Each structure stands twice: as C-alpha cells, then as structure tokens.
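Trainee: The lines below spell out each chain.
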Amino acid sequence: MGGARSGLVAWCFLAPALVLLVLFAFWPVLWGGYLAFTEYKIITPPTWVGLRNFEDLLDDPVFFISLRNSLVYLLIVPAIQLAALALAVLVNNRLPGIRLFRAVFYMPVVTSVSVVGIMWGWMYSDQGLINAVLQWMRLIDEPIGWLSDDRIALFALMFVTFWRGLGWYMVMYLAALQAIPGEIEEAARLDGAGAWRRFWKITMPMILPTVLLCSVLSTLGAVKVLEEVLIMTKGGPISSTYTGLYYAYDQGIRAFHFPRALAASLVVSAICVLIAVLNFRLLRPRQP
Amino acid sequence: MRGCHALFAGALALLLAAAATASEPVHIEFWTMSLKPKFTQYFEALVQRYQAQTPGVELEWVDVPWDVLQTKLTAAIAGGSAPALAQMNVPWAYDYARDGAIRPVDELIGAARSAYTEGALQDVTFLGHVYGFPHYNSVNVLTYNRALFAQAGIDHAPATFLEQLAIAKRIKQRTGQAGFSPALGKIAGVFLEEGLPLIEGGRAVFNSPRHVAFLSELADAYKAGGLLKDKLFSEDNFPASIDAYKAGRLAMMVAPPAALLRVRDDAPDVYAVSDVAPAPVGAAGVVAGGWLFHFAMPRGIQGRQAQEAARFALYLTNAENQLAFSRLAGTFPTAKAAIEDPYFQNMRAGTDVFSKAVATGASRMASVRTLYVAGIPGFEQLNKRLQDAVEGAVIGRRDTQEALDAAAAYWNRRLGAP
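Residue numbers (this note's numbering), protein chains in the order written: chain X, 10 to 297; chain D, 848 to 1265.
Please note: incorrect hints may appear among the correct ones.
Below 16 angstroms or equal to it, Euclidean Cα-Cα: the simulated EDC-like pairs (lysine to aspartate or glutamate) are [stated by the list, open to error]:
{"hint": "1", "chain 1": "D", "residue 1": "K1231", "chain 2": "X", "residue 2": "D65"}
{"hint": "2", "chain 1": "D", "residue 1": "K1231", "chain 2": "X", "residue 2": "D68"}
{"hint": "3", "chain 1": "D", "residue 1": "K1019", "chain 2": "D", "residue 2": "D946"}
{"hint": "4", "chain 1": "D", "residue 1": "K1070", "chain 2": "X", "residue 2": "D158"}
{"hint": "5", "chain 1": "X", "residue 1": "K50", "chain 2": "D", "residue 2": "E891"}
{"hint": "6", "chain 1": "D", "residue 1": "K1070", "chain 2": "X", "residue 2": "E151"}
{"hint": "7", "chain 1": "X", "residue 1": "K50", "chain 2": "D", "residue 2": "D1067"}
Chain D is nowhere near these chain X residues, computed Cβ spacing over 10 angstroms in every case [said to hold, decoys possible]:
{"hint": "8", "residue": "S15"}
{"hint": "9", "residue": "V18"}
{"hint": "10", "residue": "K50"}
{"hint": "11", "residue": "G59"}
{"hint": "12", "residue": "P105"}
{"hint": "13", "residue": "R111"}
{"hint": "14", "residue": "S123"}
{"hint": "15", "residue": "Q144"}
{"hint": "16", "residue": "Q187"}
{"hint": "17", "residue": "E194"}
{"hint": "18", "residue": "A202"}
{"hint": "19", "residue": "T228"}
{"hint": "20", "residue": "I240"}
{"hint": "21", "residue": "V276"}
{"hint": "22", "residue": "I284"}
It should be emphasised that the hints constitute simulated quantities derived from the structure, not laboratory data.
Treat the numbers as computed from the prediction; the structure is a model and nothing was measured.
Glycine residues also receive a C-beta, built at the ideal position from the N, C-alpha and C atoms.
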C-alpha cells in the first residue's frame, strides 16, 4: 500500500516534466514521423502518400552525397577524442597558469556558432589570414579555396567542428581524470608502475564510461552537424558539404518541402540510433 | 400585437448590433520585410497620418526579418491569424497564389491599377488575377572602377554579358584584379536573361549548343581569373561583390544604385574613381535586377476588413508615399506619377555618381521585370541538379556538355518528359 502511494507521489512529481516532454518532444516526433508519409504544405491538410517522400530521397543524388559526407564527418570522432584526452592529461597537471590554459581551450565552446562561422569564413577566404600566412611563407602562389574548392571544403568544415568541440571534451575528460582517487595512482607508483602502465591499467579503465559518453556524443554531433555548413558554405561548392541534417534543413526551411525534410530527418535519426548502439556495444565497460 | 412588438424589438436589436459593428474600429495588421530600424520613422509617420484621416481604422505595423517572414506568414495563414497585408517578393507570392494562401485583389484595386507601371502589374498577375499592390522595385546598373579600366586600356563600359566577360579577362590580365561576379548561384535567372530557355515542350533543353557555348565562355573567364571566386556560386553573392569592389579588388559591380551609397560611405577613394552605365542587357531584352516588392492579402481577409485593408494598401503605395520611400531607400517606385517626379527626371543632369546611377536606373524602369521560374513541379530539386552541373562545368571539374546532358536527363525523368 505504502509502495503504491509512494509510486503515485513519484508520478505526481514527474508529471509536470512529463507533460512538457510529451508536448514538446514526443508529440512533435510522432507528428513529424506521420508527416514524413504525407504530402503537406502547412496551409493545406496533409494527405497520405505512403513511401513517396522516401522514394524521392532515393532519387536525389544530393541526399546520398549528404549521407556520405555525414559518414566522412565521423573521421573527426577519433581525432577529437584523442586530442581532447591528451589535452586533458596535460592540463590535469598543477602548473603555473594552467587555469588560463584550460580557459583558452574552452573559449571556442562558449563562443556563439555564428561568430565562429563568420570568423572562420574570413580566415578561410581568398584574402583571409590562412592564405595570407601561407603566401607570406611562400608555400603557395595562389590562394587556396578552402571553402570554394569542392575537394577540400568538407575537411575545412570538419576542422572548425574539431576546433569548436575540443574544449568541451577536454573538460569532460578532465573531470573524469580528477575523479580518479589519488591513492590508487600512488599505490601503483609505489609498486613501481611507470607512467605509461599507470595510464593504461588505471586511468583508462576508470575513465572508460566517460570515453563511451564522449564517443557517443561526438559521433552523434558529427552525424548531426548543421551550423557550420549553414553559416559557412550552405552545402556548396557543388553540394560537396551537404550533410544529412543540412539536407533536411535545406528541404524544409529553404525549399519548403516539409515532408521530404522529415523523411530525411527520420533516415538521419535511424543512422544516429544505429551508431549509438554500435558505440555502446564496442565501448561498454566489460564486467570482470 | 405582441408578435409585432417582438418583431420590432428584434429588428431594432439587429440594427443596433450592426451599427455597433460598423462603429467598431477595423484592425489592420500589416507586415513589412526587414524595414526596421531604418524606416521606422517613415512607417510610424505614415501610420499616424492615415489613422488621423481615416477614423475607424486601427493600424498595426509589424516588421519581420526577411529570412523568417515566409515561415511565420505560412504558419499564420495556416493558423487563421494572418495579417491583413503582407509585404513579399514575386516568387513567394506566386507560390502562395498557386496554393490558395493569398487572395486575388482585382476588385479591390479597381481603377487604381492604372496608377502602377504595367511591368509591376504584370509581375503580380498570376493565373489571370492581380494578387498584390505593387510597392517598390529595383533595377541594376553597372558600376565600374575607372582607374582599373584605364589601367587595362578599356575606354567603354560593356553593353552585353559576353562583352563583360571579355573585359573581365582583360582586366585580370592587365591589372591582376577580378572583373566581376555574375550571379551564378541563380543560374536559371542568368539563362533567362540571356534568352536561353530551360524547358520547351515539357522537356529540359538547357543542354543545347547555345547553352554549352554560353557556359564555355563563363568557364573560360573563370579560368582566366576574370570572375571573383569568393562566393561566386552562392545564392547571394552581393556581399562578397561589394566588399571586393570597395577594396578595389573588383572592376565591375552589377547592383542597384543604393549599393553606391555603401561604396561612398565605406570607400570614398573607390567612389571617387567610380562611374556608372546601364547594366548589360541579355538577349531576352530584360533589364536585370528587377525585384518587385508588393503587399499581398492573405486568404480569409474578407468583407469590411478587406475593403479597409485595400484602401490602406492603395494609400501606402500611392505616388506620394512611394516617392518618399524611394528617396529614403534608394529604390525605385512602381507608381507612374512617382517615376515622372523631377526627383528622378532632373537627376539626369547631375554629375554625382549616385545621382547618375539613379537616373540611369529610372530611365530603364519600363523594361524591368522580376525574373523567376514558375510552374515547374519540384523546381528546387531540379534547380539544384542544374546548379551543380553548371558549377562543375564553370570551375572545370566536369565537361560542360556531359554535365548539362546529365542534368537534363535527370530533369526529363523527373518531369516525365515525352
């Protein structure tokens, strides 16, 4: 009886948040999922068209380019995780000015993405800082079209994502590192374990849950990348920087094909779920 | 007798109710597109004047940023809370008219239609009906850097697009600077200006030898460095163009006269060596840069509200108000009497470059039209394919004929062409 009563109380406490969640998360997802199978122009009621929007996606080469680019974007996941972990290990030391160093690396995280996009747009432009420095060093004769050459534009965007995300993951790893009890490290040191061995046998196993979390977050972030594309290239040149989510945005907000945008979003969501499951399977800490 | 009394009382109640409704102020909400804060004073004064002279009408001005206007308006129409008037461009209005989201205004505009230029009225006529009250328009002029022209040994402005390409190559060769930045992000419009059709008889025809030859000229100019590469294929390459022009890195800029005000304010040294000429005209004979803004009336606006909204729209777009707006904004009016005003006519004798640009633009208002592609189902997706093909061909990544053939095949398959 007491259990039932406390269960009711718990539901009462949960209710406000659940109502909001249902209204603003679950209902839009379900309604959006339904609209992906309809013809809908907002000003007219939706009509059921089955899989036609998905067939349209399959007939659009830009959609495949978008998915391919989203997968290529995953290349930054190991890079950003390794760099963030290395950085966290470095800033975990008690050195003079280390707080400033941490703050500097965290700065891009708190900078507005619009500012970041505009700043890197200038840096990458023909007259920008990067080309100017390379020309001054006589490494290149003509400016490199960082964002206008279809062969390198995607990688230029990936670098911006890397730069933006590094500080965030560094802080997460730093928190995990600082949560490791000092006595364990101390005991290992007394037993004669070297720095390398301590890292692999003590540090890594203890921060593995954080590695899993960061990997899942950065993988999903890479698949869902949108802002950099929107601000810096708008999918160009020659559709070379379209990503899955930007394709959905472009179809919905610019071309006003909401059902096709929702169909593309469903595909991207399915990929995200698949990748998250894979991540959990591969990186889940094993029970001894 | 009692029945008569009841009937009389009922009729009286109805009359009183009708009188009360008639005396209630009519609320007219009108939306403009990205005109705050520069034109706040203009619109507030206009609203005050109109309300003072039209008792019983309550105006509410809402300015909406251009990039969210379409989304907000669509949602408002769907939700039954649309404004009585909404400012928009022609392609949006065409889509709304096709979907029945805005209503025809033929009867509401009535005899006042003769006050507007024929081109403006044609721009807002879809499916045989007038769908808006024309407001302001734009027209491009060619602004060029005399110093770069002199350095390249060129003594005249180009009259055609192909001549402009030739001059651009020469400027790059002689001065090291780019010639100009055509609007290649809107290639369908460029083709139309050049009289190169996209579709004939339900089939895509943009892979014809004429199209290929035209693109080959563009590719040649690109390779020679005659075209500004920054944002060349962006949907809006104007910001990059004007920045390059102000920095002296671009010899020619095809833009509305108002662009010269920015050059004058930000780069007086470049302004001092600038001159203007009519923008090159393509084979279609249409002057580039026409982009009409007008006030459309969403569906559901009926009865007295529609009548009052139309009266206000006619006031808002009359010659006097259009002239005042154009003087402030550097745009062109669509009311005939405003174009005939000495403000536009007397400037022809002016020596200032901006004045010359305004006069040059005004002299060509008759042949200005808003060019856009209409009536092609799924155009956005088709256009993307064409855009990519053109970009690949111009930067030399793909063979021009092959790229256009592939895009045309895609169009024909999607269109179910015969």
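Trainee: Are the hints correct? Go through all of them and say.
Mentor: Going down the list of hints, with the structure as the test:
Pair hint K1231(D) plus D65(X) holds up; C-alpha atoms about 14 angstroms apart against a cutoff of 16 angstroms. At roughly 13 angstroms between alpha-carbon atoms, K1231(D) and D68(X) fall within 16 angstroms of each other, so this suggested pair holds. Between the alpha carbons of K1019(D) and D946(D) the distance comes to roughly 48 angstroms, so the proposed pair goes past 16 angstroms and is violated. With a C-alpha separation of about 14 angstroms, the suggested pair K1070(D) and D158(X) falls inside the 16 angstroms cut-off, and the hint holds.
For the suggested pair K50(X) and E891(D), the alpha carbons sit about 35 angstroms apart, so the restraint of at most 16 angstroms is broken. Straight-line distance between C-alpha atoms of K1070(D) and E151(X) comes to about 13 angstroms, which keeps the hinted pair within the 16 angstroms bound. For the proposed pair K50(X) and D1067(D), the alpha carbon gap of about 42 angstroms is over 16 angstroms, so the pair is violated. The non-interface label for S15(X) is consistent with chain D: the shortest C-beta to C-beta separation is roughly 43 angstroms, beyond 10 angstroms.
Look at V18(X): its CB is around 39 angstroms from the nearest CB on chain D, clear of 10 angstroms, so calling it non-interface holds up. The beta carbon of K50(X) sits about 6 angstroms from the closest Cβ of chain D, which is not more than 10 angstroms, so the claim that it is off the interface is violated. For G59(X), the non-interface assignment is confirmed: its Cβ lies about 18 angstroms from the closest Cβ of chain D, beyond the 10 angstroms cut-off. Listed as a non-interface residue, P105(X) keeps its Cβ farther than 10 angstroms from every Cβ of chain D; the least gap is roughly 44 angstroms.
Annotated as non-interface, R111(X) keeps its C-beta farther than 10 angstroms from every C-beta of chain D; the closest such distance is 36 angstroms. Distance check on S123(X): its Cβ is at least 13 angstroms (rounded) from any Cβ of chain D, clearing the 10 angstroms threshold; non-interface status holds. No Cβ of chain D comes within 10 angstroms of the Cβ of Q144(X); the nearest lies about 14 angstroms off, and the non-interface call holds. Residue placement check: Q187(X) keeps its beta carbon more than 10 angstroms from all beta carbons of chain D (closest about 44 angstroms).
With a closest Cβ-Cβ approach of about 53 angstroms to chain D, E194(X) is found to remain outside the 10 angstroms limit, as its non-interface label requires. At the 10 angstroms boundary, the C-beta of A202(X) stays outside the reach of chain D, the nearest C-beta of that chain being 56 angstroms off. No beta-carbon of chain D is positioned within 10 angstroms of the beta-carbon of T228(X); the least distance is around 28 angstroms. Here I240(X) stays apart from chain D, with its beta-carbon at least about 12 angstroms from theirs, past the 10 angstroms limit.
Annotated as non-interface, V276(X) keeps its C-beta farther than 10 angstroms from every C-beta of chain D; the closest such distance is 16 angstroms. Look at I284(X): its CB is around 27 angstroms from the nearest CB on chain D, clear of 10 angstroms, so calling it non-interface holds up.
Consistency note: the structure conflicts with the earlier hints numbered 3, 5, 7 and 10.
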